[in-house]
Amino acid sequence: MTANPSELAERAAGVVGSDRFSSDNGTAKVRVESDRWVEAHRALAVEMPYFSWLSAIDWDTEVVVGDPPQSDDIEPRYEILSCLGNVETGESVILSTDIAKDEPSIASLTGVFGGADWHEREAAEMLGIDFVGHPNLTHLYLPDAFEGHPLRKSFPLLTRDVKPWPGIVDVEPMPDEEGPSTENPEDAG
Amino acid sequence: MTTVDRHRLSMHHSEVQVSVELQTPDMTLNLGPQHPSTHGVLRLIARVDGEVIKEVEPVIGYMHRGYEKLAEVRTYAQITTLVNRIDWVSGFANEIPFMVATERLMGLEVPERAQYIRLILTEMARISSHLVFLSSFPLELGASTPLMHALRERERVLDLLEGVTGGRFHPNFNRVGGVKPAAGAGKSEKKVAQDLPKGFLDQTRQAMQHVRDVCDDLKDLVVGNEIFMERTKGIGIIPVDKALAFGVSGPNLRASGVAFDIRKTDDYLPYSNFEFDVATGQNGDCFDRYSVRLEEVYQSSRIIDQAVDSIPSGELQAKVPRIFKVPAGEIYVRAENPKGEMGYYIVSEGGRGPYRLKIRSASFSNLSVLPWLLKGQLIPDIIAILGSLDFVLGDVDR
Amino acid sequence: MSALFDNFWALLGLKAVVAILVILNVALVIIFAELKISAHMQSRVGPYFAGGRYGWAQPLADGLKFIQKEDLVPRDADRPVFKLAPMVVLAGTVATFVIIPFSPTLVVRDLDLGVFYALAAGSVATIGVLMAGWSSANKYSLMGGLRAAAQLIAYELPLVLAVVGVVIHAGTLSMSGIVEAQAEPFFHLGQTAIHLPYIFQGQIIGFAIFFIAMLAELNRTPFDMPIAESELVMGYLTEYSGIRFTMFFLGEYAGMFAMSAIASSLFLGGYYFPGLDSGTFGPIVLMAKVGLLVFVMIWIRWTFPRLREDQLQSFAWRWLVPLSLVNLAVTATFKVVF
Numbered sequence: 037m038t039a040n041p042s043e044l045a046e047r048a049a050g051v052v053g054s055d056r057f058s059s060d061n062g063t064a065k066v067r068v069e070s071d072r073w074v075e076a077h078r079a080l081a082v083e084m085p086y087f088s089w090l091s092a093i094d095w096d097t098e099v100v101v102g103d104p105p106q107s108d109d110i111e112p113r114y115e116i117l118s119c120l121g122n123v124e125t126g127e128s129v130i131l132s133t134d135i136a137k138d139e140p141s142i143a144s145l146t147g148v149f150g151g152a153d154w155h156e157r158e159a160a161e162m163l164g165i166d167f168v169g170h171p172n173l174t175h176l177y178l179p180d181a182f183e184g185h186p187l188r189k190s191f192p193l194l195t196r197d198v199k200p201w202p203g204i205v206d207v208e209p210m211p212d213e214e215g216p217s218t219e220n221p222e223d224a225g
Numbered sequence: 151m152t153t154v155d156r157h158r159l160s161m162h163h164s165e166v167q168v169s170v171e172l173q174t175p176d177m178t179l180n181l182g183p184q185h186p187s188t189h190g191v192l193r194l195i196a197r198v199d200g201e202v203i204k205e206v207e208p209v210i211g212y213m214h215r216g217y218e219k220l221a222e223v224r225t226y227a228q229i230t231t232l233v234n235r236i237d238w239v240s241g242f243a244n245e246i247p248f249m250v251a252t253e254r255l256m257g258l259e260v261p262e263r264a265q266y267i268r269l270i271l272t273e274m275a276r277i278s279s280h281l282v283f284l285s286s287f288p289l290e291l292g293a294s295t296p297l298m299h300a301l302r303e304r305e306r307v308l309d310l311l312e313g314v315t316g317g318r319f320h321p322n323f324n325r326v327g328g329v330k331p332a333a334g335a336g337k338s339e340k341k342v343a344q345d346l347p348k349g350f351l352d353q354t355r356q357a358m359q360h361v362r363d364v365c366d367d368l369k370d371l372v373v374g375n376e377i378f379m380e381r382t383k384g385i386g387i388i389p390v391d392k393a394l395a396f397g398v399s400g401p402n403l404r405a406s407g408v409a410f411d412i413r414k415t416d417d418y419l420p421y422s423n424f425e426f427d428v429a430t431g432q433n434g435d436c437f438d439r440y441s442v443r444l445e446e447v448y449q450s451s452r453i454i455d456q457a458v459d460s461i462p463s464g465e466l467q468a469k470v471p472r473i474f475k476v477p478a479g480e481i482y483v484r485a486e487n488p489k490g491e492m493g494y495y496i497v498s499e500g501g502r503g504p505y506r507l508k509i510r511s512a513s514f515s516n517l518s519v520l521p522w523l524l525k526g527q528l529i530p531d532i533i534a535i536l537g538s539l540d541f542v543l544g545d546v547d548r
Numbered sequence: 209m210s211a212l213f214d215n216f217w218a219l220l221g222l223k224a225v226v227a228i229l230v231i232l233n234v235a236l237v238i239i240f241a242e243l244k245i246s247a248h249m250q251s252r253v254g255p256y257f258a259g260g261r262y263g264w265a266q267p268l269a270d271g272l273k274f275i276q277k278e279d280l281v282p283r284d285a286d287r288p289v290f291k292l293a294p295m296v297v298l299a300g301t302v303a304t305f306v307i308i309p310f311s312p313t314l315v316v317r318d319l320d321l322g323v324f325y326a327l328a329a330g331s332v333a334t335i336g337v338l339m340a341g342w343s344s345a346n347k348y349s350l351m352g353g354l355r356a357a358a359q360l361i362a363y364e365l366p367l368v369l370a371v372v373g374v375v376i377h378a379g380t381l382s383m384s385g386i387v388e389a390q391a392e393p394f395f396h397l398g399q400t401a402i403h404l405p406y407i408f409q410g411q412i413i414g415f416a417i418f419f420i421a422m423l424a425e426l427n428r429t430p431f432d433m434p435i436a437e438s439e440l441v442m443g444y445l446t447e448y449s450g451i452r453f454t455m456f457f458l459g460e461y462a463g464m465f466a467m468s469a470i471a472s473s474l475f476l477g478g479y480y481f482p483g484l485d486s487g488t489f490g491p492i493v494l495m496a497k498v499g500l501l502v503f504v505m506i507w508i509r510w511t512f513p514r515l516r517e518d519q520l521q522s523f524a525w526r527w528l529v530p531l532s533l534v535n536l537a538v539t540a541t542f543k544v545v546f
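Order-wise, the sequence lines are chains Z, Y and F.
Per our numbering, the very first residue in the first sequence carries number 37; after that it's consecutive.
Per our numbering, the very first residue in the second sequence carries number 151; after that it's consecutive.
Per our numbering, the very first residue in the third sequence carries number 209; after that it's consecutive.
Next comes chain Z alone, as it looks inside the complex (with noise of 0.2 Å):
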């Protein structure tokens, strides 16, 4: 890594004018408001012209698919990352805003990136977010006819329903924690 991740984070923050941010596991995360999505992807183009993804995350206690989150204080929401870079230094930050589960809608980017146009078709298909002033926003992967957006924690996996995945599923300790078969790591997998 070309910056220290924290210090990164805090100048990208001051670029696009938000005081939340993080760095948690070196990653650069700058948290705004979804009303200020494109503006801060204008402001921040100019250092980070380089536009890696735009994805999006279904946050929700409830999941039909995979394990359940932990933590139970999570606020059920979209949260849309993009991920912004700087070829010259290498350096890398993720913006990321959150929107209201009913009606998930947001500014497109696709006025700044002409790359965030396959992207957000991808993002709404699988989440079902309307980017607002996106030109073409139809399916990308799925069938016209395809109804329901598979990435959200509401979507059930059918597979997964009718046959349980074979072989181990229950967590072992860690190596250094007592407990069993902690001899044989090349197993693993």
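The reader is advised that the hints may include incorrect statements.
Said to hold, decoys possible - Facing chain Z, from chain Y, some residues (calculated, C-beta under 8 Å): (1) I210; (2) E218; (3) Y482.
Simulated from the structure, these hints should not be mistaken for laboratory data.
Small disclaimer: the values here were computed from a predicted structure and weren't measured.
Cβ atoms here follow ideal geometry from the backbone N, Cα and C, with glycine treated the same way.
We have chain Z; now place chains Y and F onto it with these hints.
Just chains Y and F now, with coordinates in the frame of chain Z:
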């Protein structure tokens, strides 16, 4: 009265026919999903006037396997098998950023030898992926001989990969905390040394020499060919600002003159221990995209040679149980894959698998520039441009 | 027996049968040569099992396989034209064989306008290609057919102009006449008569232009845009299968032979080789020269990528046509002056 009509009236009858441009309806040409040059199942709906493209709309999704959803119901170890199927031409390289991200979330220290093995095999995957491109791109332009010569040497590299991992395309060799030890290794001190097959390091040195030799041949046979230059120079130019706005990365970005290499900027593998140059082009055309990748093969073989000479001995894997929980947190780790930036954004909520896994694949962004890039080009140039972007549909659709 | 040979029609029929047999066999040999030569250029072995040794029967086996295939016609195709197209291609190529002199006597028909006839008959094949492209009701086929037509127009002109130089030299349009003219001593070095084919009598540029235009006329790499499998799937051949595809295939390879034989006769001295009796060794000499040219064509095909259609056109109109005109003017001037 339209302008044309008014124009007609002012002219002599015989002049009318030559002055009004012949208006022909555009033809819609459907390339793919079954077409020899679409690398699998890409479909292009092109509106053409003669052989000139007016507009092109890529249709993807024929390979969509829903890996981001599948990852939510699998454990971290099980996801390894998924991620090396994203870009199947360089399966091993796909596993690295995912593993590094998981290990960082867990705070694991990966043994140095394991890191070196990962690095050597990643560079082998890069060589194998680039050799496929370097040989199949001339094929798309009509020259089939480079294919045979380059794939013959790629076979040596794949044999080495297979010798270590047991798989040519889907190695599934990485484990959280290191790489998979050979069967029985780890039980005693003696067997730890059996991690790499006998003679692997020597054979690697030989294979690298062969790879460099075939690249010398390709330089003469392809890059120096007058017709090849005619077909590729000045074709499909991606200017830097467009490349950045569309997230074009990897050799495609470097061909436009940007020396952006995640191997140099990030520290996901110990690349800082080795000397290598970042190959860049000037014009960002198909020719530069070809020569940048050709140069990268030389650089990769250089890295491998250094790594083989300096590989340390030691453990292959940190101690990790088979099924484990990962502490809550978010992390984004990216890596320089043969196709470009490959990254995983892992959101863990303390479960056996990720709460959300975003896969940032290089080919997806590299391909998204296509509608802009193909406008006004000729049909034969579609093939040249498509080929020069070096995408894999599994990497686009995930 | 001699009565049979005296009958004009019987003799003509016999000659035609022999010519067709020769064409078929020659095409098979060239196909086999291409398979083997390309294999060795690409560090492969090539056909190996068919026929027992060296896979010599591979072209035959391929042909038999094609004959067994269903004869498919697309629903929207223009059926009569679609079915006629391969025959036109093959017929055009076969017609060229009529004037190829294998020896002073071994020629189906030595026409006075032999060269003119050969060039005219050779371009009939392109009409067949255009028919195939048009009638297939397939966009790729259509584009392939149109490319072939554009290519024909662009390359027929330099081809003819290159030949005119030779015709001026020889003073005749008869193929045999041109070969005989090359058998005449070019000059005498003391007592020794020096025989030179036209390629060494100043027609080397003419030969180069003829050879390039010939590649374009035959749709061989680097001028194989009408087929261009990476762009147009298979171009005008996309919808063809079975025996009709085989006819195109045979036509292509027989065409290679025919054009090479014409080039050999015009520029390389045909059946004549100094010191060898043309009557006895003529066919062998011609075959050797043809073999050389065919090898060069195969060599080029497996080495070069293909050009783009517009590059091909500009190459033809901006380089080959002016160059062949200059060649023509220079040849004519020398003919008049000396």
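We went through each hint and held it up to the structure:
1. At about 7 Å, the closest approach between the beta carbon of I210/Y and any beta carbon in chain Z falls short of 8 Å, and the interface hint on this residue holds.
2. Of the supplied interface hints, the one on E218/Y holds, with its beta-carbon coming within about 6 Å of a beta-carbon of chain Z, less than 8 Å.
3. Interface hint status for Y482/Y: upheld, as the beta-carbon distance to the closest one in chain Z is roughly 5 Å, under 8 Å.
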